[in-house]
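From first to last, the protein sequence lines are chains A and B. The first sequence: position 56 = 56 (our numbering), numbered continuously. The second sequence: position 110 = 110 (our numbering), numbered continuously.
There may be inaccurate statements among the hints.
Stated by the list, open to error - To be clear about the criterion: a stretch of chain A counts as covered by chain B if any three or more of its residues have a C-beta under 8 Å from a C-beta of chain B, and this derived list gives those stretches:
hint, stretch
1, 115-124
2, 162-170
3, 192-203
The hints are simulated quantities; they were obtained by calculation from the structure and are not laboratory data. In this text, a Cβ means the ideal position worked out from N, Cα and C, and glycines have one as well.
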Amino acid sequence: MRYPAALRQDLGNIIAVTIWTTVEDLAERIPDGARVALIRDGCGIAMAVTYALIRRKARDLRLVNMPTGGMQTDLLIGAGCAVELETSGVSLGEYGPAPRFAAAVTSGSLAIKEATCPAIHAGLQASEKGAPFMPLRGILGSDIVRVRHDWRTIDNPLGDGGDPLVVIPAIAPDIALFHCQMADDEGNVWVGRERDLVTMAHAAATTLVSVEERYDGNLFADPALAAGTLSSFYVSAIAPCPQGSLPLSFAGHYEGDVEALRAYATAARTEEGFRTYLAQRVLAGTGP
Amino acid sequence: MLADARHIAVGVSSPLPASAALLAKHRSGGALRVSILGDPSNTFWSDGGKELFDCAAQGRVDAFFFSGAQIDGQGNINLVGIGDHPRAKVRFGGSYGSAFLYYMVPKIILFRPDHDPRVLVPKVDFVSAAGTSPPGVWRRGGPYALVTGKAVFMFNRDRGRFRLVSVHGGATPEEVRDATGFDFDEENEVIDTPPPDETTLSLIRGTIGKEISMTYPDFARRTLGVAV
Chain A
1 MRYPAALRQD
11 LGNIIAVTIW
21 TTVEDLAERI
31 PDGARVALIR
41 DGCGIAMAVT
51 YALIRRKARD
61 LRLVNMPTGG
71 MQTDLLIGAG
81 CAVELETSGV
91 SLGEYGPAPR
101 FAAAVTSGSL
111 AIKEATCPAI
121 HAGLQASEKG
131 APFMPLRGIL
141 GSDIVRVRHD
151 WRTIDNPLGD
161 GGDPLVVIPA
171 IAPDIALFHC
181 QMADDEGNVW
191 VGRERDLVTM
201 AHAAATTLVS
211 VEERYDGNLF
221 ADPALAAGTL
231 SSFYVSAIAP
241 CPQGSLPLSF
251 AGHYEGDVEA
261 LRAYATAART
271 EEGFRTYLAQ
281 RVLAGTGP
Chain B
1 MLADARHIAV
11 GVSSPLPASA
21 ALLAKHRSGG
31 ALRVSILGDP
41 SNTFWSDGGK
51 ELFDCAAQGR
61 VDAFFFSGAQ
71 IDGQGNINLV
81 GIGDHPRAKV
91 RFGGSYGSAF
101 LYYMVPKIIL
111 FRPDHDPRVL
121 VPKVDFVSAA
131 GTSPPGVWRR
141 GGPYALVTGK
151 AVFMFNRDRG
161 RFRLVSVHGG
171 ATPEEVRDAT
181 GFDFDEENEV
191 IDTPPPDETT
201 LSLIRGTIGK
211 EISMTYPDFA
221 RRTLGVAV
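Let the sequences and hints guide you as you build the complete structure.
Here is the structure:
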């Protein structure tokens, strides 16, 4: 199994201090070959870090969508950063299908691990609990079960025989990467109601976060904020990055950049159009 | 179809079902709860996206909607691709929550505005979610109805087949059969689908249209004629 050397070290030594750093440094902290968990559209996509990852020519990433992907996933695939994707679905939402994802799957250049949303939640929850798997009802008869050779169907061990269930192996990403409203000096991160970010962070070996702003004080000191706070214990580095989700929306904070999203959806339909978009809007810039 | 539901959930990219759900909510006088993914004023989740699936798993969601790149006569749906997996001839987004919700939600209503034999096929190329299950497999939910631009079918779970119950706008059952790639049963008397009355239409174009435009501005403007 491929395993990034830098991360193996991190796993053995719990990082005591969360580092405040730059977006570029966050991208450096995601080694080639890492298994990276990414949140779904609108809920805190670290787009600026994604651009920095593409600029540093990241390779062989194994992406895990929590539980679906959009432009971020399509961009990383199109730019040649990913070799594998575990997902329940990828689309550009109201802007249409995800063309680079579709091209990479049909050409065979991207290994696809088909899933269904609750299975990804269950796999990350298993990792969160240190359990080898999580059982799920339903799904049986779907071709997803047929093509996922790592999934198993077992009879309910607490039943009287029969009652088949699908077991989903733990999904243990090396890194959870997302964007949030704020983090405090100690590195505690406020995720608000986006609890899936907490699941991702617990499941991953470590978490990297970009934030809109720095919070003056300790997030745990205010009970209302504490309930939506992820402890710095799980987080190794944070970068300040106002509007760090653009051109995607950040729910409750700002809308997406409609012009850029439309332009991407159109350009990415062809390999050539995608290359031009990448050169002009991603590689040439220093921000999103 | 939605009159007796307590909680209807609607997934992404589903403006038509979202409109129907909001109409049902309006008619219920507030007794019905509607959760629309992507619409913060119509979602109560505070435990992340998993809360929808956990709710459904416990039987707390009564109705949900799916479309399909392909839908077959046994109620199987395909949201993955045309041709052999993984290197399909045409690749779609993926199965999303369908494989799971199809088992959990009592009424899954399939919708597909374009009624086309290339969509309504004898057998889907990839089963994202299975329409029926063998005996002994725990299952609460499944396909309930299929609504297209031409007709309404109800699904019989014991037979694993659709039954044509009504046709829209003067179409005939023969026309529907010609436009459908799979075989289906027919109600003894296939009726014309009753069109919405004036009150319902103005409700859809007014109150419902305004509310849906918060999540689907393009749809509200183009399809419902709402000024946004």
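### Query
Which hints from the list above does the structure break, by number from lowest to highest?
none
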